[in-house]
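Residue numbers (the working numbering), protein chains in the order written: chain F, 233 to 626; chain H, 233 to 626.
A few of these clues could be false.
Copies of the same chain look alike in the list, so a pair counts if it works inside one copy or between any two.
Stated by the list, open to error - Cut-off 25 Å, straight-line C-alpha distance, at most; resulting in silico cross-link-like pairs (SDA-like, lysine to any residue):
{"id": "1", "residue 1": "K236", "residue 2": "K399"}
{"id": "2", "residue 1": "K244", "residue 2": "G488"}
{"id": "3", "residue 1": "K310", "residue 2": "V234"}
{"id": "4", "residue 1": "K399", "residue 2": "S571"}
{"id": "5", "residue 1": "K470", "residue 2": "D499"}
Calculated directly from the structure, the hints in this document are not laboratory data.
2 protein chains.
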Amino acid sequence: MVYKELLQGGEKIILVVVDGLGGLPVLGSFTELELANIPNLNSLAKRFPMGALESVGAGITPGSGPAHLSLFGYDPLKYIIGRGILEALGLDMEIREGDVAIRCNFATLKDGVITDRRAGRIPTEENRRIVEKLRSISKVEDVEIIWESGKEHRFVMVLRGDGLSEKVLETDPGKEGEKPIEPEPLDPSAEKTSRILKKILEISREILKDEDRGNFFLMRGYARLPKMEKFEEKWGLKAFGTASYPMYRGLAKLVGMYVPKDTPDFDAEIEEVEKNFENYDFFYIHYKDADKAGEDGDWKKKVLALEKFDSYLPRILKLGGIVAITGDHNTPSLLRSHSWHYVPLLITSLKAGYPTAWSFTEREAIRGSLGIRKSYELMPILLACAGRLKRFGA
Amino acid sequence: MVYKELLQGGEKIILVVVDGLGGLPVLGSFTELELANIPNLNSLAKRFPMGALESVGAGITPGSGPAHLSLFGYDPLKYIIGRGILEALGLDMEIREGDVAIRCNFATLKDGVITDRRAGRIPTEENRRIVEKLRSISKVEDVEIIWESGKEHRFVMVLRGDGLSEKVLETDPGKEGEKPIEPEPLDPSAEKTSRILKKILEISREILKDEDRGNFFLMRGYARLPKMEKFEEKWGLKAFGTASYPMYRGLAKLVGMYVPKDTPDFDAEIEEVEKNFENYDFFYIHYKDADKAGEDGDWKKKVLALEKFDSYLPRILKLGGIVAITGDHNTPSLLRSHSWHYVPLLITSLKAGYPTAWSFTEREAIRGSLGIRKSYELMPILLACAGRLKRFGA
Chain F
233 MVYKELLQGG EKIILVVVDG LGGLPVLGSF TELELANIPN LNSLAKRFPM GALESVGAGI
293 TPGSGPAHLS LFGYDPLKYI IGRGILEALG LDMEIREGDV AIRCNFATLK DGVITDRRAG
353 RIPTEENRRI VEKLRSISKV EDVEIIWESG KEHRFVMVLR GDGLSEKVLE TDPGKEGEKP
413 IEPEPLDPSA EKTSRILKKI LEISREILKD EDRGNFFLMR GYARLPKMEK FEEKWGLKAF
473 GTASYPMYRG LAKLVGMYVP KDTPDFDAEI EEVEKNFENY DFFYIHYKDA DKAGEDGDWK
533 KKVLALEKFD SYLPRILKLG GIVAITGDHN TPSLLRSHSW HYVPLLITSL KAGYPTAWSF
593 TEREAIRGSL GIRKSYELMP ILLACAGRLK RFGA
Chain H
233 MVYKELLQGG EKIILVVVDG LGGLPVLGSF TELELANIPN LNSLAKRFPM GALESVGAGI
293 TPGSGPAHLS LFGYDPLKYI IGRGILEALG LDMEIREGDV AIRCNFATLK DGVITDRRAG
353 RIPTEENRRI VEKLRSISKV EDVEIIWESG KEHRFVMVLR GDGLSEKVLE TDPGKEGEKP
413 IEPEPLDPSA EKTSRILKKI LEISREILKD EDRGNFFLMR GYARLPKMEK FEEKWGLKAF
473 GTASYPMYRG LAKLVGMYVP KDTPDFDAEI EEVEKNFENY DFFYIHYKDA DKAGEDGDWK
533 KKVLALEKFD SYLPRILKLG GIVAITGDHN TPSLLRSHSW HYVPLLITSL KAGYPTAWSF
593 TEREAIRGSL GIRKSYELMP ILLACAGRLK RFGA
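Using the sequences provided together with the hints, build the complete structure.
Here it is, written out as structure tokens:
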């Protein structure tokens, strides 16, 4: 794209992502945003331009991966973040270029046949104990093996080394009473990976042989990072990202943002931004609670989550720079899930457009002067507002 | 596109196409929709989200072919339905993959020169009589020849067999006093087709030699079906289509919908849908009268046509499922023709968005929460509303 040639210095940019921001009518045709008491957001809506964003395309409900990539300025149909990587990010694992991340399930094997694909959903503590044993497999050939426990029977394995590939057969036959599938290569480029996985399985069987239930494991969702330019390279911004959930921290790290640890809640996140404000050009701040409440189908809780977010706004606005407030996707409590609908957007700069709204709502957002755009178009708009894009052509 | 991987089961979908739905101001700045007494549509507008659609692109006035393909979810710039095929569909002919459909005109030939390119616009009955004679040419080599009378001097010939091509020279020289052009191949792949057409012309001259006026015919608009996935394959919906005009029935059949015969009017169409509602996932219902009135430049007639449509709505809504009400294109009586303007859209589901309108009009539609979209984006949105699209990415 042409943007790279146009980059120049400018103001700081803050991207506030209210996860699951928008909704659908829940009561007498009002959405959670319309029902919430959000004086700070409503005041901004009267003073600044609004608009709406779409992550991927018509009718497509995005997961957190594509939704965030799009906000960071990457077309999510070009850069696919595989299941294994997201799972690893959710466990706060670091993923580097070339790594292969794999979702694993403990399973019970008897006479070579799977009798339980989830090892009786063993408790997380048991999972931790067994994964600790597996950590003795830390290297096969020149490949480093990294293990991390998830919940119940789930864990993640990451292979790190040269010449690895995700093009390997998944080993889960999908039902009990069958033999596990061998991790055969699906492509000649995956021969090394296949050989290493077979070796790992062989050693694991020995290590796990005395386990009752988790005496084996199945592998799915092999994934490598897509080749992608780092955020700083792409947009010329030294970037800082903060979130209280590991997956969002992971997504920020994926694109090369600096992400501090120890941000258990939104308060801690903002504190980190405050402390680091001088040292970066761009800040991504993630607010999770609206999405959680939406997923629970609890509109009252979502209203409260939005109100709580609103109360933090003065602190964010005090930081300075251009602030964009939007979501990665909507999570209407009506649907109890992410949705495909346009996500409200506001930019706290009169350089971004003119105010059109009376309140911060979905209905006002779609009529705003920023128009309706793809989420991955937000970054260049923010750069423009921050004075960071030169004129194109003379 | 990514949609195919996301398909799953869900609710039924009804697509109601009001041909020529929208208009332009005709009286003191009001459109036909604004002037019409349409209580059912206006009530829906208050309760459900609206939006607007564009079939092809800025300023492009679509014919019925591209306008319908776009509504069925096919980009009309990628899938071109040639003139010969549309003409054949308008005569209720069936077109199969590989067929070549040709628009033909009876013409008068004297001493090898065309003296009348339209054979004096012979009456349709005379056309029928002569076409019946031509039906004796039912096979040349291994190719089946199918003939169908149109109006006055027009008829359609369809070639059915292997290895046919539309890349043949049109035989109409465009003016009287010239010799007809020979149907020479424009491409080596069209040699067989050219040979067969020449043979047909040779036999026809003998058959038609005693005709006064229609003793010859000219061939134009050779067309084959574009390679396109069937609707059911593309969207995972078992589809039923109904229309009172052959061309629209033909367009539905082209994409593989089941289309009942004997639907002479809208009443009969709805009755067919009622009878078959249990057996299909998707229903396309076509309402013609608004377009006809618009083409006539008669805004009062268009108002009446819209009012008549409105009166059928309760029966359609009673069917169940998600109902989308839109047009293939607008036909403003001001223009006496199709137009390129955004076509109003309403979806009877609060999962589709939030209400923003006070009445079912063009002005309200473009500000609706469904936004302004390409017509071929409607299908994925309907799938999403019907719960038929899984999440994209994790």
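Each hint tested on the structure:
1. When the C-alpha separation of K236 and K399 is checked against a cutoff of 25 Å, the pair qualifies only between copies, where the shortest distance is 22 Å, while the shortest distance within a copy is 33 Å.
2. Taking the shortest Cα distances, K244 and G488 sit within 25 Å of each other inside one copy (17 Å), while across copies they are farther apart (45 Å).
3. With identical chains, the CA atoms of K310 and V234 are at most 25 Å apart both within one copy (17 Å) and between copies (11 Å).
4. Proximity of K399 and S571 under a CA criterion of 25 Å is satisfied in neither setting, with 31 Å inside one chain copy and 47 Å between copies.
5. Proximity of K470 and D499 under a CA criterion of 25 Å is satisfied intra-copy only: 23 Å inside one chain copy versus 52 Å between copies.
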